[in-house]
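Peer 1: The chain contents come next:
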Amino acid sequence: MTSRGYRPRRYSLTAGAARGAERRFQLAGLARHQINKVFPWHFSFLWGELALYSFVVLLGSGILLTLFYVPSMDEVIYQGSYAPTYGLEASRAWVSVMQISVDVHGGLFLRQLHHWAALIFLAAIMLHMARIFFTGAYRAPREINWFIGVAMLVVAIFEGYLGYSMLDDLLSGTGVRIFSGILLSIPVIGTWLHWMVFESAYPGEIYIERFFIAHVLLLPGILLALIAVHLAVVWYQKHTHFKGPRARESNVVGNRTLPVFAMHSITMLLITTGVLGLLAGVAQINPIFHWGPYNPTQVSNGSQPDWYALWLIGSLKLFPPTDISVGGEYTIPGGFFSGVMIPLVLILLLFAWPLIDRLRDPDRELHNVLDRPRDAPQRTAIGAMALALFGVLTLAGTDDVSATVLSIPLEPLRWVERGAVFVLPPLVYLVTRRLCERLQRSDREALSGGIATGILERPVDGAYRSVQQPFVGVDADGGEHDPEYDGARVPKTPTPQRLRGES
Amino acid sequence: MSEDGSTPSERDLDRMDVRELGRLGAHLDDVEVVDDSPRHEPGGPGERRAIRRVAAWFVLSVLGAIGFVVVYVLWPWQYTSTGPQETLRSWFTPMLGITFAISVLALAMGLLEWSKTVAPPDVAIQQRHDGPSPPVAQRTFAARTVEILEQTGLRRSKLLRRTVLAAGTAFAGILAVTALGSLIRNPWRSEGPAPLVTTEWHSPDGERTYLRMDTGDPHSVTLVRPEDMVPGGLLTVFPFRESMRGDPEKLSKILRSADSSVILLRFAPGTPVVEQIGQEDFNLGGLYAYSKICTHMGCPVSLFEQTTLRILCPCHQTEFQANEYARAVFGPGARPLPQLPLAVDERGYLYAPHDFIEPVGPGFWSREPRG
Ligand code: HEM
Ligand code: FES
Chain Y
16 MTSRGYRPRR
26 YSLTAGAARG
36 AERRFQLAGL
46 ARHQINKVFP
56 WHFSFLWGEL
66 ALYSFVVLLG
76 SGILLTLFYV
86 PSMDEVIYQG
96 SYAPTYGLEA
106 SRAWVSVMQI
116 SVDVHGGLFL
126 RQLHHWAALI
136 FLAAIMLHMA
146 RIFFTGAYRA
156 PREINWFIGV
166 AMLVVAIFEG
176 YLGYSMLDDL
186 LSGTGVRIFS
196 GILLSIPVIG
206 TWLHWMVFES
216 AYPGEIYIER
226 FFIAHVLLLP
236 GILLALIAVH
246 LAVVWYQKHT
256 HFKGPRARES
266 NVVGNRTLPV
276 FAMHSITMLL
286 ITTGVLGLLA
296 GVAQINPIFH
306 WGPYNPTQVS
316 NGSQPDWYAL
326 WLIGSLKLFP
336 PTDISVGGEY
346 TIPGGFFSGV
356 MIPLVLILLL
366 FAWPLIDRLR
376 DPDRELHNVL
386 DRPRDAPQRT
396 AIGAMALALF
406 GVLTLAGTDD
416 VSATVLSIPL
426 EPLRWVERGA
436 VFVLPPLVYL
446 VTRRLCERLQ
456 RSDREALSGG
466 IATGILERPV
476 DGAYRSVQQP
486 FVGVDADGGE
496 HDPEYDGARV
506 PKTPTPQRLR
516 GES
Chain X
-12 MSEDGSTPSE
-2 RDLDRMDVRE
8 LGRLGAHLDD
18 VEVVDDSPRH
28 EPGGPGERRA
38 IRRVAAWFVL
48 SVLGAIGFVV
58 VYVLWPWQYT
68 STGPQETLRS
78 WFTPMLGITF
88 AISVLALAMG
98 LLEWSKTVAP
108 PDVAIQQRHD
118 GPSPPVAQRT
128 FAARTVEILE
138 QTGLRRSKLL
148 RRTVLAAGTA
158 FAGILAVTAL
168 GSLIRNPWRS
178 EGPAPLVTTE
188 WHSPDGERTY
198 LRMDTGDPHS
208 VTLVRPEDMV
218 PGGLLTVFPF
228 RESMRGDPEK
238 LSKILRSADS
248 SVILLRFAPG
258 TPVVEQIGQE
268 DFNLGGLYAY
278 SKICTHMGCP
288 VSLFEQTTLR
298 ILCPCHQTEF
308 QANEYARAVF
318 GPGARPLPQL
328 PLAVDERGYL
338 YAPHDFIEPV
348 GPGFWSREPR
358 G
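Note that the protein sequences, when read in sequence, are chains Y and X.
If you're matching positions, the first sequence starts at 16 in my numbering and goes up one per residue.
If you're matching positions, the second sequence starts at -12 in my numbering and goes up one per residue.
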């Protein structure tokens, strides 16, 4: 660089604009602070960004779809150009979605883009949540973002459900029927709640209009607001990082906002958009022209909701038949437990996890350095246990299809699943815990005994011995000491340079 | 921002170049830049090569975009069901996706390459400032809060505290009533019988309600005679009254009614049958009619297994034993399918003397008849 001093040029458009903004808002110090902000990098930090950018795609494609979708349950005759359903009676909602799929230029691409973005959005949220859980990122001072996060997860599930329920095809109508049944099952106020949503017995004449407003206005608004707060909190509290050569509790190591972090983040936005676009083009999703319009007296066999709702179906399926009579006069249907209480309790446990964690762990420190999952065996095992339960319920949700495909009888399968709900999670807990402890030991062994190099040497006594590459700890002032495990990843492959120096 | 006392003077600033000023800014922001060495000699051959690679990605991105627009505008996309056009048309959406992805992903790759081969690694360390605010902020804030409570009189007057709380709650209350009030309907108040406990099989004025099958034409009416049913046969039927004839909309709508569809079965002679107590006369010989609406969550049951005589719900696979008053024998459903009484009129057509004697479909709190 030159040694000449630097001053902003006096006469240029940008300099003029900057001076103008400065005079009005005093931005220089503020803006510099933000573009100098440091963000750590780890692949697992990308799940949150994936969720964010799928949401961006959802908003964009969704706005375009609203220009064509008609939220109406009026019955009309389909007269679009798709021959197989020509002349069928259907709601205007279904007909408008048919129009988007068949008669709007590029409409099918938009619809599939929107649906794929929804599926990926929910997958990204769950992966993101898993990384927050398994690394302990929810601990103080970040509990608030965990609470906001679980709220967003619940809103996102409802958002997705409402989205595919609006199409009024044979598949989605079945889903609404089940929702109606779950509402009705709630003791005392169930029928009143049902009338609040449907204005009548199922199906009534208004739910599609209401679902539409909730889907395009209410829930996206809530999500937007929550995402804004969520990201503001991440920004303000500074992101966590993994232990590394320079990373401490007291600092954050990474790239500054500009240019590198922004370049990577925009890359992530583009990759998300590009991959979703590819899926939208080549992977058919929710072909309502195959399902046909909804008819409450029909149902297609093996109808499946979107993947993130399967665990709820699993709960409905596995719960034993129960109709509890209250004083011989009132009924609590089993669906209340499987459709309301079980999901509610699971979600509440998830929501309260940072608080539950405090019962288990007396640690009240603030944490900016993440745990490696193996270093918190109990927490990791609890998480794996929860995933196992989610997995069993999800598989149960789709077991009618797997039973048909694999041609296994459904009834014994159901009993196996019911057993698995109780047996598998504790088993997974034990196995995960042991696994974590083994991994910890292998780290400690590598640190004290060195890494196996794969080289054999034969000293004078004649016995072969394998050569280990030892670790050396280096202090801040350059002195060497015996290595100690400090929560950073322990390399398990030898470094060639040092090997050469030592052998 | 930490100003560490040694803020440089205007004269010092004049002497600093871009890099020094950048470092100073970072320092003021508690950032120590560990590595921002350029990847290549600026303007040198290494950087020129790197930039050419980045540019190649961006060119590909533009080509992809052009491809996308060309496909969008020129590719045949209008629906046809036959001919060679059909294959071409079916490739419209995939081609859109492919060109879209090429354009966007090439842009992403260019950006990534740019950040990795031209922009510096930019490894930086920023200090965090965890923990509470400095004591002066805490004390002054707390004091000011107390002062405000004093000044407003809230600290002194219990009456003020209580009434303002009450008024605030009342305000929240009227907001809630305004928001939710419009949505609340009484499910038990409606013209005519309560919809939760009656179906279209209920005849308001005593007119006979016949069994009608769905022929595919929503406006034609075909009634059912016992002889139409072969043993082991199953038919979905809907309610029909002569007074509906003049109402094409009603005729069509009832075929999609959510609570009135019924399955009609005829058991082969000799099939052992167990009847529900109190409903021993609902069947007509081997003919039995059950609500089609699953008592679990309301899906239409739609499969009949001839060998086991079980009716199967496709939603959560509850199985109902057809020859044992359709009681639930497997899966999550608990209650039997309600049975519809059957009779035959003088012309030989099947009709239902009265509605189901219990609510059909999913259970709810007050489904037991009261009184
Ligand atoms: C709508 C869905 C969500 C979006 C768009 C979103 C977005 C993000 C983003 C972009 C970050 C920063 C990058 C990262 O760490 O991945 C982040 C951080 C965080 N998120 Fe989310 N998130 C969502 C849902 C959730 C959920 C369901 C949870 C947990 C239950 C959660 C908890 C957190 C926490 C605790 C942080 C701070 C992480 C740290 O500093 O290490 N988020 N979120
Ligand atoms: S609705 Fe029939 S089994 Fe659930």
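Think of the hints as simulated: they come from the structure by calculation, not from any bench.
Since the structure is predicted, the reported quantities are computational estimates derived from the model, not experimental observations.
The reader is advised that the hints may include incorrect statements.
Computed beta-carbon distance windows for the label pairs [to be verified]:
#: 1; chain 1: X; residue 1: 10; chain 2: Y; residue 2: 82; range: 35 to 43 Å
#: 2; chain 1: X; residue 1: 221; chain 2: Y; residue 2: 424; range: 40 to 48 Å
#: 3; chain 1: Y; residue 1: 82; chain 2: X; residue 2: 21; range: 20 to 28 Å
#: 4; chain 1: X; residue 1: 179; chain 2: Y; residue 2: 82; range: 53 to 61 Å
Stretch-level coverage of chain Y by chain X, calculated; a stretch enters the list once three of its residues show a Cβ under 8 Å from a Cβ in chain X [said to hold, decoys possible]:
#: 5; segment: 39 to 51
#: 6; segment: 338 to 346
#: 7; segment: 476 to 488
Over the 12 Å line for every Cβ pair with chain Y, so calculated as not near, a few chain X residues [as the list claims (entries may be wrong)]:
#: 8; residue: 3
#: 9; residue: 13
#: 10; residue: 48
#: 11; residue: 58
#: 12; residue: 143
#: 13; residue: 160
#: 14; residue: 181
#: 15; residue: 207
#: 16; residue: 257
#: 17; residue: 261
#: 18; residue: 283
#: 19; residue: 319
#: 20; residue: 341
We put the CB at the ideal spot given by N, CA and C, even for glycine.
Peer 1: The structure should be examined with respect to each hint, and the outcome stated for every one.
Peer 2: A quick look at each hint next to the structure:
no.: 1; hint: X:10 to Y:82: 35 to 43 Å; verdict: violated, 51 Å
no.: 2; hint: X:221 to Y:424: 40 to 48 Å; verdict: violated, 22 Å
no.: 3; hint: Y:82 to X:21: 20 to 28 Å; verdict: violated, 50 Å
no.: 4; hint: X:179 to Y:82: 53 to 61 Å; verdict: violated, 41 Å
no.: 5; hint: 39 to 51; verdict: holds (count 4)
no.: 6; hint: 338 to 346; verdict: holds (count 6)
no.: 7; hint: 476 to 488; verdict: violated (count 0)
no.: 8; hint: 3; verdict: violated, 6 Å
no.: 9; hint: 13; verdict: violated, 6 Å
no.: 10; hint: 48; verdict: violated, 9 Å
no.: 11; hint: 58; verdict: violated, 10 Å
no.: 12; hint: 143; verdict: holds, 34 Å
no.: 13; hint: 160; verdict: holds, 18 Å
no.: 14; hint: 181; verdict: violated, 9 Å
no.: 15; hint: 207; verdict: holds, 14 Å
no.: 16; hint: 257; verdict: holds, 26 Å
no.: 17; hint: 261; verdict: holds, 18 Å
no.: 18; hint: 283; verdict: violated, 7 Å
no.: 19; hint: 319; verdict: violated, 5 Å
no.: 20; hint: 341; verdict: holds, 19 Å
In summary, the numbered hints that this structure violates are 1, 2, 3, 4, 7, 8, 9, 10, 11, 14, 18 and 19.
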